[in-house]
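Undergrad: Each protein sequence line maps, in turn, to chains A and B. Mapping the first sequence onto my numbering, position 10 (from 1) lands on 923, and the numbers just tick up by one. Mapping the second sequence onto my numbering, position 114 (from 1) lands on 1027, and the numbers just tick up by one.
Because the hints were derived from the structure by calculation, they are not lab data. Among the hints, a few may not be true.
Treat identical chains as interchangeable: a pair holds within one or across any two.
Stated by the list, open to error - SDA-like cross-link-like pairs, simulated, lysine to any residue; straight-line CA separation at most 25 Å:
{"hint": "1", "residue 1": "Lys1108", "residue 2": "Gly1160"}
{"hint": "2", "residue 1": "Lys1105", "residue 2": "Leu1221"}
{"hint": "3", "residue 1": "Lys1105", "residue 2": "Val1158"}
{"hint": "4", "residue 1": "Lys1108", "residue 2": "Arg955"}
{"hint": "5", "residue 1": "Lys1105", "residue 2": "Ser1148"}
{"hint": "6", "residue 1": "Lys1176", "residue 2": "Leu1221"}
{"hint": "7", "residue 1": "Lys1010", "residue 2": "Glu1111"}
{"hint": "8", "residue 1": "Lys1105", "residue 2": "Leu1117"}
{"hint": "9", "residue 1": "Lys1108", "residue 2": "Arg1162"}
{"hint": "10", "residue 1": "Lys1105", "residue 2": "Ser1074"}
{"hint": "11", "residue 1": "Lys1010", "residue 2": "Val1208"}
{"hint": "12", "residue 1": "Lys1108", "residue 2": "Gln1118"}
{"hint": "13", "residue 1": "Lys1105", "residue 2": "Ala1183"}
{"hint": "14", "residue 1": "Lys1105", "residue 2": "Ala1120"}
{"hint": "15", "residue 1": "Lys1105", "residue 2": "Arg1127"}
{"hint": "16", "residue 1": "Lys1176", "residue 2": "Ser1144"}
{"hint": "17", "residue 1": "Lys957", "residue 2": "Thr1104"}
{"hint": "18", "residue 1": "Lys954", "residue 2": "Glu916"}
{"hint": "19", "residue 1": "Lys1176", "residue 2": "Gly1215"}
{"hint": "20", "residue 1": "Lys1176", "residue 2": "Gly1126"}
Protein chains: 2
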Amino acid sequence: MRECEAARWLMERDRFLILTHVRPDGDTLGCAAALCAALVKRGKTAWVAPNPGVTDTYLGDIQPYFAPAGYEPEHIVAVDIATEGLFPADFAAYRGKTELCIDHHPSNSGYARHTCLDASAAACGEIIYRICREGLEVMDAEIARAIYLAVSTDTGCFVYSNTTPTTHRIAAQVMEYGDFFREINRRCFQTKSRKRLELESRLLQSARYYEEGRVVIGGVSLEDMAQVGASEADSEELSALLRQVEGVRAAATLRELAPGQWKLSLRTDADYLNDTDTCALLGGGGHAAASGATVSGIDRAGMERRVLEAICTVLNGR
Amino acid sequence: MRECEAARWLMERDRFLILTHVRPDGDTLGCAAALCAALVKRGKTAWVAPNPGVTDTYLGDIQPYFAPAGYEPEHIVAVDIATEGLFPADFAAYRGKTELCIDHHPSNSGYARHTCLDASAAACGEIIYRICREGLEVMDAEIARAIYLAVSTDTGCFVYSNTTPTTHRIAAQVMEYGDFFREINRRCFQTKSRKRLELESRLLQSARYYEEGRVVIGGVSLEDMAQVGASEADSEELSALLRQVEGVRAAATLRELAPGQWKLSLRTDADYLNDTDTCALLGGGGHAAASGATVSGIDRAGMERRVLEAICTVLNGR
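In isolation and in its complexed conformation, chain A is listed as follows (with noise of 0.2 Å):
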C-alpha cells in the first residue's frame, strides 16, 4: 500500500490503536506519537498501545498517548514492527490483527492485512512525515518534534551509513516547526549514565590488542554488572565501543549472561574479516559486519581464547 493509501485508509476509519516493537526505540515510539497525535489532530480517535518496556529516556514522548485503560479500538495499527515476534508480550491478544503496518524493515514478514513499506527509508520516521504531512495534511511542534526523534536516533544523530539526503531534508523540515532538537539531541546523544561510563571504562580497561591492533577482544562480566550496579539497559549497544578504536577492524565484546555462560558481539569491517563465519565456528550467526554467539560452560579466558582462535582460522583461511 503506498503512503497516500495508507493516509486515505486511516481517515475512511476511526478509533485506531497504533503499536510499537519489544525493547521500543526512538524511532517506533515517535512514529507512534506522531501518527497519533496526527490522527487525532484530524478528528480522530487514537491511542498508542501502552508498552512496559519504554526506558526513562523516551517515556516522557510517549506517555502522553498511552491509552487509557478499557479503551476499545476498531482498527490495529503497527508502526516500525517487522514481524509479530517483536511485539511486546503484552501485545499477544493483537496477534494477527493488524491490519496496517507502517514500516521501513526489508525483512518485514507481511503479518498484517495491508503494508506500507519502503525500505530505502532510513527511519520509519520518515514514511510517517509523508504520511502525516501529505496523506493528512497536518503538521505542526508536537508531530514535528515526535518524527525528529524518530529520524535522528535511527540514524544515531545523522552518523550512521543508513542516513540518506531525504533523512537530512526531513530533519530540516521539521526542524521549522519548533525549537526542540537540542533537548532531543542532548538527551539522547550526550548524555549517559554514570554506570554506563563505568562499564564502558571496565571494558576499555580489558581490551586487549591482537595483530598489530586490527582486531580487539574485550570484556564485561557478570562481576563487573554487579559492582557496577549495572542494568541491562545500562550495557546496550556496548559492542560499539571497540569498534571504534582507530586502527580496529574486528571487534569482539563478550559479555557473561550467567555463570560460565558468554556471549560474543562481533563488529567487523566486512572487507578484513567474515564475522558471519567466524561466529558460525563458535556455534553463532548474523549478518554481514554485525554477529554473534553464544557459548557455555566456559570461564572467560577460555571464551577469550575461542574467540580468538576462531577469528585466527577464519583470517588466515582467506
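Go by the hints and put chain B onto chain A.
TA: Then chain B, alone, in the frame of chain A:
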C-alpha cells in the same frame, strides 16, 4: 560584502592563496578545499597556504590543495578566520594583506579589506556552499565532499545546538553528489585513538561528584599523559566528556599544563551555574556555558578544593 558580491569579486581576479586558521579544524580546511577546487574549475589559479598544524585526521582532505613552493599569489583570501591573531605563526607575512575574508564568527574583527560574514551560519562551509553553487555556479563531488566535511565537523555531525534547518538542507544537497559521507562520518565521528580512550578512562575514574551528582570534578595529570603516551591532540575537547554524565549540570575538567600549574575547563548549564563568575574567582574567564581558568603553584588536591570552593560560592550566592 554579500555572497554574490564575493563570488563576483573572485571571478574578476586570479592567482589566489587561501588561508586557514591555527589548529585547523574540519570547517576551515573543508572551506579552503572547496573554494580552491571551485576556483580551479572556473579556470582560476588557486592554492591553499600549507598549514603546518593539520592533524592526520584531515591531512588527506587538504594536502592536494597545498600551494607548491614558490607560488606567488596576487590575492589573499581567508576562510573561517575571525582575527589575524588566529593566523598560524607561518602566516605572519600575510598580516594586513587579506583582501577577502569569508567567515561565520560574530566576533570577526574586520581585518580584511572585504568581509563576507554570516553569523547565522552554523559552519563557514554553509557560506562557501552558496558562494560556490550560486555565485561561482560550480558544484561537483569534489567540492561537495569538502563542504560536507566543513558543515558536519562544525556541528559535531548535526548534534550541536548551532545546527539549523539550513545546515541539514546543505548536507542533503551535497550528499547527492557522491558517496563520501560514510567515510567522513566514520573517520571524524566514530574513531578514537587508543590513547584518547585511555585518557577518557582515567578522567572518568578520577571523577568525584558533589551536590547530589549535579557537580563533577575530574582531571588528567602530566603523569597520566606520560603514562598513556598521549599528545595534546589526544586531550582535545576532553571537557565535553564529564559534561555528558547523566544528571551533571556543571562539569569541571582539570588539566595539569606544567608541574604545579593546573587549567580548569568548566562546562555548565547556564541556568544552574554561572561559569564565568566561577572562573573569575580563579582569575579566569570565558563565555556563557564554557569558560576556564589557570592556577599556578598548586597541586591536584589543592586545585580540586579551590574549584569546588569557587563553584559552591557561586551556587550559594544565587
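Undergrad: Give a verdict on every hint.
TA: So, going through the hints one by one against the coordinates:
1. Lys1108 - Gly1160: For lysine 1108 and glycine 1160, only the inter-copy Cα distance (12 Å) is at most 25 Å; the intra-copy one is 27 Å.
2. Lys1105 - Leu1221: between (30 Å within a copy, 23 Å between copies)
3. Lys1105 - Val1158: Classified as both; 19 Å inside a copy, 5 Å across copies.
4. Lys1108 - Arg955: Neither: 44 Å inside a copy, 55 Å across copies.
5. Lys1105 - Ser1148: both (11 Å within a copy, 20 Å between copies)
6. Lys1176 - Leu1221: within (14 Å within a copy, 43 Å between copies)
7. Lys1010 - Glu1111: The answer is neither: 44 Å in one copy and 52 Å across copies each exceed 25 Å.
8. Lys1105 - Leu1117: both (16 Å within a copy, 12 Å between copies)
9. Lys1108 - Arg1162: Classified as between; 17 Å across copies, 27 Å inside a copy.
10. Lys1105 - Ser1074: Classified as both; 23 Å inside a copy, 18 Å across copies.
11. Lys1010 - Val1208: neither (38 Å within a copy, 68 Å between copies)
12. Lys1108 - Gln1118: both (15 Å within a copy, 12 Å between copies)
13. Lys1105 - Ala1183: between (29 Å within a copy, 20 Å between copies)
14. Lys1105 - Ala1120: Classified as both: same-chain Cα gap 21 Å, cross-chain 14 Å, threshold 25 Å.
15. Lys1105 - Arg1127: So lysine 1105 and arginine 1127 pass the 25 Å test across copies only (14 Å; inside, 27 Å).
16. Lys1176 - Ser1144: Classified as within: same-chain Cα gap 16 Å, cross-chain 36 Å, threshold 25 Å.
17. Lys957 - Thr1104: neither (36 Å within a copy, 47 Å between copies)
18. Lys954 - Glu916: within (18 Å within a copy, 42 Å between copies)
19. Lys1176 - Gly1215: within (12 Å within a copy, 45 Å between copies)
20. Lys1176 - Gly1126: within (22 Å within a copy, 33 Å between copies)
Comparing the model with each numbered hint stated earlier shows that hints 4, 7, 11, 17 do not hold.
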